[in-house]
Amino acid sequence: MEKWPEPWYTVPGDAAGGDSGRNTVKKAFVTSLPVMAGYIVLRIGFGILLRNAGYGLPYAFAMAALIYAGSMQYVGIGLITGGASVITAALTTLMVNARHLFYSISMTGHYQHAGKYKPYMIFALTDETYSLLCDGKTPAGEDPDRYRFLVSLFNHCYWILGCTLGSLLGAVLPFSTAGIEFSMTALFVASFTEQWLNSRDHLPALTGIFSTLLCLLLFGPDRFLIPAMLLITLILSLLRVRKEGQP
Amino acid sequence: MNAPVLIAVMAAVTALLRFLPFLLFKRKTPPFIAALSRVLPPAIIGMLVVYCLKDVRFAAAPYGLPECAAAAGVAVVQKLKRNTLLSILAGTLLYMLLIRAVG
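In order, the protein sequence lines correspond to chains A and B.
The opening position of the first sequence corresponds to residue 1 in this note's numbering, with each subsequent residue numbered one higher.
The opening position of the second sequence corresponds to residue 1 in this note's numbering, with each subsequent residue numbered one higher.
Bound conformation, chain A alone (with noise of 0.2 Å):
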């Protein structure tokens, strides 16, 4: 993969040639617009939540900004109010973000020459930024690496912006926007639907979905998501092996 140079400081137009920084920008905001309506909306619903049970706009704010996960951020609502003790904060984040781990091995690769985007890019590496860059594609003549950059940025800030709205907010809303959750989930089966045509091997995909499909079942909804990570990880390892010993 190409390295390219890097001055101690970036301006925007002026490395590689003409509007290069703009573009950039411009197409890593495009990519990120998918997420843009889920999260601010999805969040409003958190921010809401959050100032019913007694946190306004700066524990938003610290949430979003800090913590940036989804799920944890209602869960925290819950562990906030009940005073749970350090050590149950500590052991259900663990367990709920655990699937994190999965996306940071997927991204070592892709994420090599980030040099200073790299601990950024690492920290805001969440659901959906995830299905955005795991497949390694970027925009032809673009930095890779700013591009990413900018996609997980442009999608914090849409996170902090639905959550502070939220609580601003509180529980005025001028519409009905039942169903718009269901943005997430389409997210997740268009960059599926993606990865199934632009691959032959078919069997990670399909591990992924009938490891968590079986775990689902066994497990119940709340405690399904590691014995799923550890079965998947399980099958496409046992797949390596044996491929890996076939002439």
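For the record, the hints were derived by calculation from the structure and aren't laboratory data.
Glycine included, every Cβ here is placed at the ideal spot set by N, Cα and C.
Hints are supplied without guarantee of correctness; some may be wrong.
Stated by the list, open to error - When the alpha-carbon atoms are kept at most 27 Å apart in a straight line, the in silico BS3-like pairs for lysine-lysine are as follows:
1. Lys27(A) x Lys137(A)
2. Lys79(B) x Lys27(A)
3. Lys26(A) x Lys81(B)
4. Lys116(A) x Lys27(A)
5. Lys243(A) x Lys116(A)
6. Lys81(B) x Lys27(A)
Said to hold, decoys possible - Covered by chain A, according to a simulated footprint, are these stretches of chain B (three or more residues, beta-carbon under 8 Å):
7. 2-8
8. 18-25
9. 34-46
10. 49-58
11. 67-75
12. 78-88
To be verified - Coverage of chain A stretches by chain B, computed from C-beta distances (three or more under 8 Å per stretch; other residues unrestricted):
13. 100-109
14. 138-152
15. 213-225
16. 231-243
Given the coordinates of chain A, work out where chain B should sit on it, guided by the hints.
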């Protein structure tokens, strides 16, 4: 425990989970991990699709039909147009219409 402390704990553990693989595999990614990281994404996205649908009640009306129909819609539009944003908009709109139709 008060809220700021808990928020800090949740943030720290989450960040730790995200950074750990990058810290462990600093110099060179073991080939096994590299290979795994190539096949994991489609599997994980599959996992996430199931995760999003985990609370759908297929045994009771409307039997998960809005979700299935809307998800199918997303897949169809994606195949036809290869445009993620469009697929999501179409599927979400379809879902919002369907739950109002059956609700």
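Here's how the hints hold up against the structure:
no.: 1; hint: Lys27(A) x Lys137(A); verdict: 12 Å, holds
no.: 2; hint: Lys79(B) x Lys27(A); verdict: 22 Å, holds
no.: 3; hint: Lys26(A) x Lys81(B); verdict: 21 Å, holds
no.: 4; hint: Lys116(A) x Lys27(A); verdict: 20 Å, holds
no.: 5; hint: Lys243(A) x Lys116(A); verdict: 37 Å, violated
no.: 6; hint: Lys81(B) x Lys27(A); verdict: 18 Å, holds
no.: 7; hint: 2-8; verdict: holds (count 6)
no.: 8; hint: 18-25; verdict: holds (count 6)
no.: 9; hint: 34-46; verdict: holds (count 13)
no.: 10; hint: 49-58; verdict: holds (count 7)
no.: 11; hint: 67-75; verdict: holds (count 5)
no.: 12; hint: 78-88; verdict: holds (count 7)
no.: 13; hint: 100-109; verdict: holds (count 10)
no.: 14; hint: 138-152; verdict: violated (count 0)
no.: 15; hint: 213-225; verdict: holds (count 5)
no.: 16; hint: 231-243; verdict: holds (count 6)
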